[in-house]
Amino acid sequence: MVKPDAPVPLAPPTEKTASGETALKRPSLPHFYSAQRNIPPLPFNPMPGLPLFDLGGNKFLYDDTAVDYFSLFAESFSSSESEGGMSAMSSMAPCNPCSTNGGGGGGGSFYSGPPAYSYASTSLWVKITSTNATNFLLDVNNTVPGTVYGVGLKSSVNADPFNTWTLAQVFSATSTNKQFDGTASQAARFFNAVNLDAYTGPSISIVSPMAGATVSNDIPLQIRVTDILPLTGVKVFVGAVQVAVLQSNQNGIVTVPTARFPNGSHQIWVLASNEGVPVDTDGDSVLDDYSPFQSAANVTVNFTNEVAMQNYSPLWSKSGSLTLQYKTTSTQDYTFEVFKTNGVLLHTASGQSVNGSISRTWNFTDLSNGAVNERSYVFSLTHSPPSGGSAAAAPPRKLLITNFVDNGVSVGKYVVSYGTWPSSYLNNLLADMNANVSSTINWAAYFNEDIIGSNREDYNAVRADFTSDPFPIRRATQTNDLTALTNALKNQFTGSWLFDGHSSGSGMIPGDDDYLDVRLTTKQLATLLGNGYGFIGGVYQLTYGTRLFSTMLTGCSAAGVFSEFPDATGTPPGVDQATDGQIKKSAFVGFSTISYTGATKMNWIIRIHFEWLDGEDYDTEITTAVWRANLAYPSVQGWGPTVFGFGFLGYNANESR
Amino acid sequence: MKRKIILGALIGAVIVGVYLLWQKPAVRPTAPASPEVSASAKPLPTEESRSGRTKNRLDDTLAGAQDAEFTSKVFPKFREFVATLNRLGVSPFEREVSASECSKIRIIHTPNGIICPFVIGDGWTADYMRSGTFEGITHFGQRGPDNPFRAISRADMDTLKRLSEQAVPISQEESWKIANRVSDALQIEQAFFEKPQMHEEAMFEYRLGLQTIRYRAKGSDPLNQMNYTRSFTLKATSPTTAVLVRYSNLEAR
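These protein sequences, in sequence, are chains A and B.
With my numbering, letter number 208 in the first sequence gets 208, and the count goes up by one each step, no holes.
If you want my numbering, it's the 1-based position in the second sequence plus 657.
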């Protein structure tokens, strides 16, 4: 008698003989793939020798990649023949419990593939049945007619959240079971089924720390993410402040610097995004867009540190000086230091905490009192209990942070700042341009508040002519700011954007212009652009700050697949730079499929500059300029030239050009 | 009102005079308001520009209005294009345009043909293209200070104000009637495109009486502007009539 919830080994596939007797089918050679089952929590582990993975939703998976089924089968088959067809399962270590808890598996049994269990579950589960050495049947069980399901596969299982399932099949169930023929391959060993109608996005679980835990200093945060679609990003926040970005191959572990936040209860948030599914946006049955999914999970823990920052921000605006404040739970000696990111010491000060507080102000000067103007600095506070006591001196601890400083002055209600340039002409030009842009944004928001997004009311009031006073943008809110900016800059009538894609600090405009780079993945950029853009891979770099609106078209391979820092293309010969006010137009142009540096691309870019930037004679549109360049250099067409958007800045400041 | 009529008559006389003397095209929907953009404000192409070919720094060929290739290959196609617009009643030109009114003729050499942008009079520009599979006009539009797209892009309030004061409003319903005839005549195969989009060209409160129709290749990315391979803009001349003031064909290869 088999209990309803007890594991029941599946009967081996059988076929009828001519006499009608049930004969054992010659066993298959299932040495390619692993079974994945919908296994409810068990009172025991049926295969203790194999790694077990929790897929979420009461699904578990055994990783049997290390099991040599071929050899085991050969051994068991040999054994079954010599022992008159008795079960050979007992000879297989991973399945030892199977024989003791099995039973009910039908007549004589022998090993016919990966261990197979059924638990009479009413929920969705997958069964794999070998049919021969290279083929198998994949049954998706307990499907509900009319519901859409997906079958995912992956080649390996591990703790890396980025090793997501690949959606291999999507089907609308017509019965309670759907069967697929499969060809086993090393590349697709593991299978899973998902109810896509009930799918809401990545499934996130925070493994550690546990809720309510008390933690200090840098702590590992371990997370699990299960998804049927490729992940595009996993971010970690303390409260609203982003503290880490999980990369692939980190096995879901990132470090959270608790000492950057005041002691007390904090929520650690994990936000995961995937690339989404293709959708039809205009009802013509053509999938023309992507709709990404996002999920979040959080855990509340208590931060407790001897010394903790009170005013941590990833970005501080430069306003003559900045002050870093710390709280201490006991008296501490400290040394406060500021470094360039290359390690050069700029400032040092020592002292002792007063009434549980340390406050240090730095005025952006180096050890010689010379002004410094870096885009980011490293701030270090080394602290230890006062010496001289009877107890052994505790080793000093160091609280180290690297923060960006916004050197710019913001202009307009929602407009990113730009730096101060040595050219008054240029500064005036940029000021005028930003005033126009901010007016456009404010005007757009007047008609549609959604353009700006929520929680933007703290910005300055808009005047009757839609101008507004400057307001500094902050790193902590840059995503919202950029989203608002992007939406607003998308001219409501022309649909154009102002964007600038650059690649490196030594890119288009010479000099120390102190901007803040925001490196965005393609999907993030797509999000900013208000669309799940269908690029594959690659990282964009969007220059945020000085250059966002300040320069012109670049043919940077920002859309390239392989290049994280796309090569700078520089400025074509004959196109003057900012120092003489040649800022004219801006476009975001990239390649969707490849990153390439070479004469062809450069010529392509030069022609676009010529056609568009210098195209006064013909008032050439950017799309026409790119089209002409594509025809003149056909090899570029294979790279998928992409024009995201464009806008005129100053229109040919030098009309003689 | 009487003053306006007199002023209109004077402008009309000037235009007729210019036409008789120089045979330059006039623009039907809106006569240029500022002297610097009137048909007579700039000289005809000089003899120098009509002389032999030269090269620019991109190795394009620069030619004059009398260039044999231009007069025999390029301009006839433009004349055909304008004739098509005339047949539809949407030509912005009130009379026939001659090759001698063209300037800034540039021949871009492509691997299998040429692209030839050129300027017509002072206020218009066009691109001719010849390849192994296509020959014809791929772009047509306004240029110069009266170009509404330039005004929008620059947020040029003075120009926007001036253009909007001259603008005639037209409903999208009426615009679609005209647009459908234009798309048929220009052989825009609807089956290859997503449902076409129409939007009004305007900025702030300045409405310019312009409706742009864009065709995006079926299934293509809506974000990539290069996927809107066919588009044109209509400028209303009355609540039920319009002329074509911009056309773009990025499909041609």
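Since the hints were made in silico from the structure, they are not lab data.
Errors might be hidden in some of the hints.
[Claimed, not checked] Here are the computed distance ranges between Cβ atoms for each label pair:
#1 B:A740 to A:S285: 51 to 61 Å
#2 B:T711 to A:Q247: 54 to 64 Å
#3 A:G638 to B:S755: 36 to 46 Å
#4 A:T176 to B:P768: 57 to 67 Å
#5 B:H766 to A:T174: 37 to 47 Å
#6 B:K730 to A:L196: 50 to 60 Å
This structure is a prediction, so every number in the text was calculated from the model and none was measured.
For each residue, glycine too, the CB sits at the ideal point set by N, CA and C.
How the hints compare with the structure:
{"no.": "1", "hint": "B:A740 to A:S285: 51 to 61 Å", "in the structure": "violated, 39 Å"}
{"no.": "2", "hint": "B:T711 to A:Q247: 54 to 64 Å", "in the structure": "holds, 56 Å"}
{"no.": "3", "hint": "A:G638 to B:S755: 36 to 46 Å", "in the structure": "holds, 41 Å"}
{"no.": "4", "hint": "A:T176 to B:P768: 57 to 67 Å", "in the structure": "holds, 60 Å"}
{"no.": "5", "hint": "B:H766 to A:T174: 37 to 47 Å", "in the structure": "violated, 60 Å"}
{"no.": "6", "hint": "B:K730 to A:L196: 50 to 60 Å", "in the structure": "holds, 57 Å"}
Hints 1, 5 from the earlier list are contradicted by this structure; the remaining hints agree with it.
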